[in-house]
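Participant: Protein sequence lines correspond, in order, to chains Z and U.
Under our numbering, the first residue of the first sequence is numbered 1, with each subsequent residue one higher.
Under our numbering, the first residue of the second sequence is numbered 1, with each subsequent residue one higher.
Errors might be hidden in some of the hints.
Computed list of lysine-lysine pairs in DSS-like fashion (alpha-carbon distance at most 30 Å, straight line) [stated by the list, open to error]: (1) U:K57 to Z:K74; (2) U:K157 to Z:K253; (3) U:K59 to Z:K163; (4) Z:K428 to U:K193; (5) U:K35 to Z:K80; (6) U:K131 to U:K157; (7) Z:K161 to U:K59; (8) Z:K260 to U:K57; (9) Z:K74 to U:K137; (10) Z:K163 to U:K57; (11) U:K188 to U:K57; (12) U:K59 to Z:K428; (13) U:K157 to U:K59; (14) U:K188 to Z:K163; (15) Z:K245 to U:K157; (16) Z:K245 to U:K193; (17) Z:K253 to Z:K237; (18) Z:K80 to U:K57; (19) U:K57 to Z:K428; (20) U:K57 to Z:K161; (21) U:K193 to Z:K250; (22) Z:K253 to U:K57; (23) Z:K300 to Z:K350; (24) U:K188 to Z:K245; (25) Z:K250 to Z:K168; (26) U:K188 to Z:K8; (27) Z:K8 to Z:K350; (28) Z:K161 to U:K137; (29) U:K188 to Z:K250; (30) U:K131 to Z:K8; (31) U:K157 to Z:K260; (32) Z:K300 to Z:K428; (33) U:K137 to Z:K237.
Just so you know, these hints were derived from the structure itself, not from any lab.
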Amino acid sequence: MGQTLFDKVWQEHVLAGEEGNAQLLYIDLHMIHEVTTPQGFESLRSEGRQLRAPEKTIATIDHNVPTKNIFTIKDAISRKQIEALQRNCRDFGVELMDHGSEGQGIVHMIGPEQGATQPGKTVVCGDSHTATHGAFGAIAFGIGSSEVEHVFATQTIWQRKPKIMGIKLTGKLQAGVYAKDIMLYLIHTYGTDFATGYAIEYYGEAVSDLSMEGRMTLCNMAIEFGAKYGLVAPDQKTFDYLEGKPRAPKDFKRAVAYWKTLYTDPDADFDYVLEVSIDDLAPYVTWGTTPAMGLPFGEKFPQVSDHNDQRAYEYMDLRPQMDATDIPISYIFLGSCTNSRLEDLIEGAKYIKGRKVAPHISAWVVPGSRPVKRAAEAMGIAQQYIDAGFEWREPGCSACISMNADRVPPGTHCASTTNRNFEGRQGKGSRTHLCSPAMAVLAAVKGHFYDTRLDDQEVPVL
Amino acid sequence: MRPFIVHKGTTVALMEDNINTDQILPSAFLNRIEKTGFGEFLFDNWRYLPGSDYPRKVKAEFPLNHPDRQGASILITGDNFAGGSSREHAVWALDDFGFRVVIAGSFSDIFYMNSLKNGMLAISLSAEERKALARLKGDEQIKIDLETQEIVTPYAKYKFSIEEEWRRKLLGGIDDITETMAYEEQIKAYESKWDEFYAYDAIT
Chain Z
1 MGQTLFDKVW
11 QEHVLAGEEG
21 NAQLLYIDLH
31 MIHEVTTPQG
41 FESLRSEGRQ
51 LRAPEKTIAT
61 IDHNVPTKNI
71 FTIKDAISRK
81 QIEALQRNCR
91 DFGVELMDHG
101 SEGQGIVHMI
111 GPEQGATQPG
121 KTVVCGDSHT
131 ATHGAFGAIA
141 FGIGSSEVEH
151 VFATQTIWQR
161 KPKIMGIKLT
171 GKLQAGVYAK
181 DIMLYLIHTY
191 GTDFATGYAI
201 EYYGEAVSDL
211 SMEGRMTLCN
221 MAIEFGAKYG
231 LVAPDQKTFD
241 YLEGKPRAPK
251 DFKRAVAYWK
261 TLYTDPDADF
271 DYVLEVSIDD
281 LAPYVTWGTT
291 PAMGLPFGEK
301 FPQVSDHNDQ
311 RAYEYMDLRP
321 QMDATDIPIS
331 YIFLGSCTNS
341 RLEDLIEGAK
351 YIKGRKVAPH
361 ISAWVVPGSR
371 PVKRAAEAMG
381 IAQQYIDAGF
391 EWREPGCSAC
401 ISMNADRVPP
411 GTHCASTTNR
421 NFEGRQGKGS
431 RTHLCSPAMA
441 VLAAVKGHFY
451 DTRLDDQEVP
461 VL
Chain U
1 MRPFIVHKGT
11 TVALMEDNIN
21 TDQILPSAFL
31 NRIEKTGFGE
41 FLFDNWRYLP
51 GSDYPRKVKA
61 EFPLNHPDRQ
71 GASILITGDN
81 FAGGSSREHA
91 VWALDDFGFR
101 VVIAGSFSDI
111 FYMNSLKNGM
121 LAISLSAEER
131 KALARLKGDE
141 QIKIDLETQE
151 IVTPYAKYKF
161 SIEEEWRRKL
171 LGGIDDITET
181 MAYEEQIKAY
191 ESKWDEFYAY
201 DAIT
C-alpha cells in the first residue's frame with residue numbers, strides 16, 4: 001500500500017519508537033518568539049545545557065510589538081520579555097529578526113519569507129498557528145514551552161503519530177470568496193474539534209489553484225478545526241516561491257528533485273476523507289465566540305440551541321435572526337498570521353475602489369512582516385489604504401492577541417481577518433467577527449458588513 | 001518532571017464546553033518570563049468583577065470562588081477543553097492555582113501534551129461520568145490513582161486510560177530531556193544524512 005505525504009515526511013524523521021506510541025522525531029526548523037521561550041532558555045542555563053542547533057533556530061519579536069510606535073513599549077513586563085529574547089539569542093547564537101529590523105514580522109511569516117520553511121521538513125514553534133508552514137508540504141505543528149525546551153536541548157521531540165484526514169476541495173471559488181471562507185465554512189459545518197487527533201492534508205483542484213498565500217491560510221486555521229497539523233503537497237508554485245530565498249537549499253535542483261517525491265501515493269489511504277465542492281461557497285462572517293459560530297453571508301443568525309449559544313449571544317450583544325449587515329461594527333483589523341500576507345493586502349485594496357473608511361469606523365492594516373510592508377509600499381497599495389483613511393501600521397501580531405498596546409475596546413464589534421473570536425481575545429470585552437481581508441475592507445468602506453460577491457458586480461473594477 | 005502516582009483532593013466543576021486557553025489565561029498575562037505566579041490570573045475575565053482595582057473583587061457566582069470549593073485540586077469540565085493557543089501558561093496557571101488533575105470530555109492535542117509535561121493529569125471521561133463527579137460536594141474527597149488508572153469517589157469507581165509511555169514517565173517523574181540524550185547516535189545519524197542537503201548560502 002502507498003504512503004500519504006504525511007507518512008513519508010514523518011517516517012524520514014523518526015529516530016526511535018514504534019508507531020502507535022510516542023516516537024522521537026528530528027526537528028529541522030525551530031521558529032521562536034519572545035512569549036513561549038524565556039522559560040526554556042532559563043532551564044537550559046540552570047541545567048547547564050547547550051542549544052543543540054542554533055543554526056536551525058530562527059527568532060523574531062512579534063506578540064508584544066505595539067504596531068504604532070514600536071519603540072514605545074509602555075508595559076515594563078513586555079519590554080523585559082523582548083529584552084530576554086534579545087539576550088537569549090545573543091547568548092545562544094540564534095539569528096534574530098530583531099525589533100525594528102527589516103526582517104521582523106510574525107513568526108509564521110518569517111519561515112516562508114526566509115525560505116527556511118521547506119517541503120519535507122519538520123517545523124515546530126511554541127505557537128498553535130505553526131501549521132501555517134505545512135502549506136509547503138512540511139510537518140509543522142505548535143508545541144508548548146516544555147517541548148520548546150526539549151527541542152532546544154536535543155533538536156528532537158516525542159510525538160505520537162496522528163491519524164490523517166484528507167480534505168479534498170473541488171470546484172472554483174467565486175469572485176469575492178477566499179481560502180479564509182473555506183476554513184470558516186468547514187469549521188462552521190463540522191465543529192472546532194472535528195479534526196482533533198488528526199493531521200489534515202488538503203488536496204484537489206481547488207487547492208492546486210490556490211496561491212501559496214491561500215494555502216497558508218488553509219493550513220493556518222487547521223488548529224481552529226482541532227488539527228495540530230495542516231499540509232499541502234508541494235508543487236511548482238511551492239518551488240517557485242522558494243527559489244532564491246535566503247535560506248533555500250544551495251543545491252536547489254537536487255532539493256526540487258526530492259521535493260517532487262513528496263505527495264500522497266494514489267493507492268494510499270487516509271483515515272478519514274472529506275470531499276467538499278467550493279463552487280457555491282459564500283463568504284463567511286462569524287457572529288459568536290467560537291470560529292464555528294459563523295454563517296454564509298445572507299443567512300440569519302441561528303436560534304439558541306444550547307447554553308453555549310446563549311452565552312455567546314449575551315457576550316456579543318446580538319440576537320437570533322439578525323444577519324451580518326446588522327452587526328454594529330466600529331473597528332476593522334486587517335492583520336495576523338492568517339491573513340496579512342502581501343496577497344491579502346492586495347486583495348483587500350481591490351475593495352477600496354476610491355471609497356473612504358466610514359466615519360464611525362477605526363480601520364487598521366497591520367502587515368504581517370516588514371518585507372510585506374515594504375513591498376506593499378513599493379507597489380502603491382499602502383498609499384491606497386492611507387488615502388482611504390486606514391491606519392497603516394508596523395508589523396506584528398497586534399490586535400489578534402492583544403498582548404501589546406493594540407486592543408479592540410470593550411464592547412466594540414470588530415471585523416477581523418484573524419483566526420479566533422474568543423471572548424476577550426482582541427482585548428477585554430472585545431467582540432470579534434472573523435472574515436476575509438476583502439470582507440473586512442469592504443465593511444470599512446461601507447460602514448457595515450456587505451456581500452463581497454455583490455460588490456464585485458456593482459462597482460466596476462478600475 | 002514532578003511524578004504523579006496517587007492524588008487525593010476535592011473537586012470543582014466548570015461545565016462549559018469549548019473553554020479555550022484564552023479563557024484559562026488571557027493573553028494580557030502572557031508576558032512574564034517565569035513559569036510561576038500565573039494562578040492569580042487563572043480564568044481572569046470570569047473570576048473577577050470588571051474594572052475593580054487591586055485587591056480585585058471576585059465574582060461570587062463563579063464556581064472557583066465558592067467558599068466550599070476553596071482548595072479544590074481537581075477540575076471537572078466540559079467537552080473540548082483548552083483549544084486555541086498553545087500557551088503552556090494555561091497549564092502553569094491551573095497548576096499555580098492548585099489543580100493537579102483536569103477531567104474533561106476531551107482535550108486539545110497541544111494542551112494534553114503540555115499538561116503531561118508538567119505532571120498534571122488530563123483525564124477524558126464521558127458526559128455521564130462527569131455529571132456524577134460534578135454532583136460531589138465541596139468536602140468530598142476523591143482519589144486519582146495512576147497506577148491502577150482509577151478514580152475512586154465515595155460512591156463509585158471510574159476507569160481512565162492514558163498512553164503507556166506517558167504513564168511510565170509520570171509515575172517515575174522521568175525527565176524527558178535526559179532520556180532523549182541517550183539517542184545521541186540516532187540524532188547524529190540524521191544530521192549527517194540531511195545537514196548538507198539543507199545547507200544554504202549564508203548572507204552575511
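Participant: Hint by hint, note whether the structure agrees.
Facilitator: Here is what the structure says about each hint:
1. U:K57 to Z:K74: Distance ~26 Å between K57 (chain U) and K74 (chain Z) Cα, so the pair holds.
2. U:K157 to Z:K253: Outside the cut-off at roughly 62 Å; violated.
3. U:K59 to Z:K163: At roughly 42 Å apart (the allowed maximum being 30 Å), K163 (chain Z) and K59 (chain U) break the hint.
4. Z:K428 to U:K193: 50 Å, violated
5. U:K35 to Z:K80: 15 Å, holds
6. U:K131 to U:K157: Within the cut-off at roughly 14 Å; holds.
7. Z:K161 to U:K59: The hint is violated at about 42 Å.
8. Z:K260 to U:K57: 60 Å, violated
9. Z:K74 to U:K137: 46 Å, violated
10. Z:K163 to U:K57: 46 Å, violated
11. U:K188 to U:K57: The given pair, whose Cα atoms are some 56 Å apart, is violated under the 30 Å limit.
12. U:K59 to Z:K428: 16 Å, holds
13. U:K157 to U:K59: With a Cα-Cα distance of about 33 Å, the restraint between K157 (chain U) and K59 (chain U) is violated, given a limit of 30 Å.
14. U:K188 to Z:K163: 28 Å, holds
15. Z:K245 to U:K157: The hint is violated at about 59 Å.
16. Z:K245 to U:K193: Given pair K245 (chain Z), K193 (chain U) holds - Cα atoms ~23 Å apart, limit 30 Å.
17. Z:K253 to Z:K237: Since the Cα atoms of K253 (chain Z) and K237 (chain Z) sit roughly 15 Å apart, the hinted pair holds (cutoff 30 Å).
18. Z:K80 to U:K57: 28 Å, holds
19. U:K57 to Z:K428: This hinted pair holds, its Cα atoms lying about 17 Å apart.
20. U:K57 to Z:K161: 46 Å, violated
21. U:K193 to Z:K250: 16 Å, holds
22. Z:K253 to U:K57: 64 Å, violated
23. Z:K300 to Z:K350: Between K300 (chain Z) and K350 (chain Z) the Cα gap is close to 27 Å, so the pair holds against 30 Å.
24. U:K188 to Z:K245: 27 Å, holds
25. Z:K250 to Z:K168: Outside the cut-off at roughly 34 Å; violated.
26. U:K188 to Z:K8: Holds, at about 20 Å.
27. Z:K8 to Z:K350: Violated - the C-alpha atoms of K350 (chain Z) and K8 (chain Z) are around 40 Å apart, more than 30 Å.
28. Z:K161 to U:K137: 40 Å, violated
29. U:K188 to Z:K250: It holds: about 22 Å lies between the C-alpha atoms, which stays within 30 Å.
30. U:K131 to Z:K8: 43 Å, violated
31. U:K157 to Z:K260: Violated, at about 54 Å.
32. Z:K300 to Z:K428: 27 Å, holds
33. U:K137 to Z:K237: Between K137 (chain U) and K237 (chain Z) the Cα gap is close to 60 Å, so the pair fails against 30 Å, i.e. violated.
Checked against the numbered hints above, the structure violates hints 2, 3, 4, 7, 8, 9, 10, 11, 13, 15, 20, 22, 25, 27, 28, 30, 31, 33; every other hint is satisfied.
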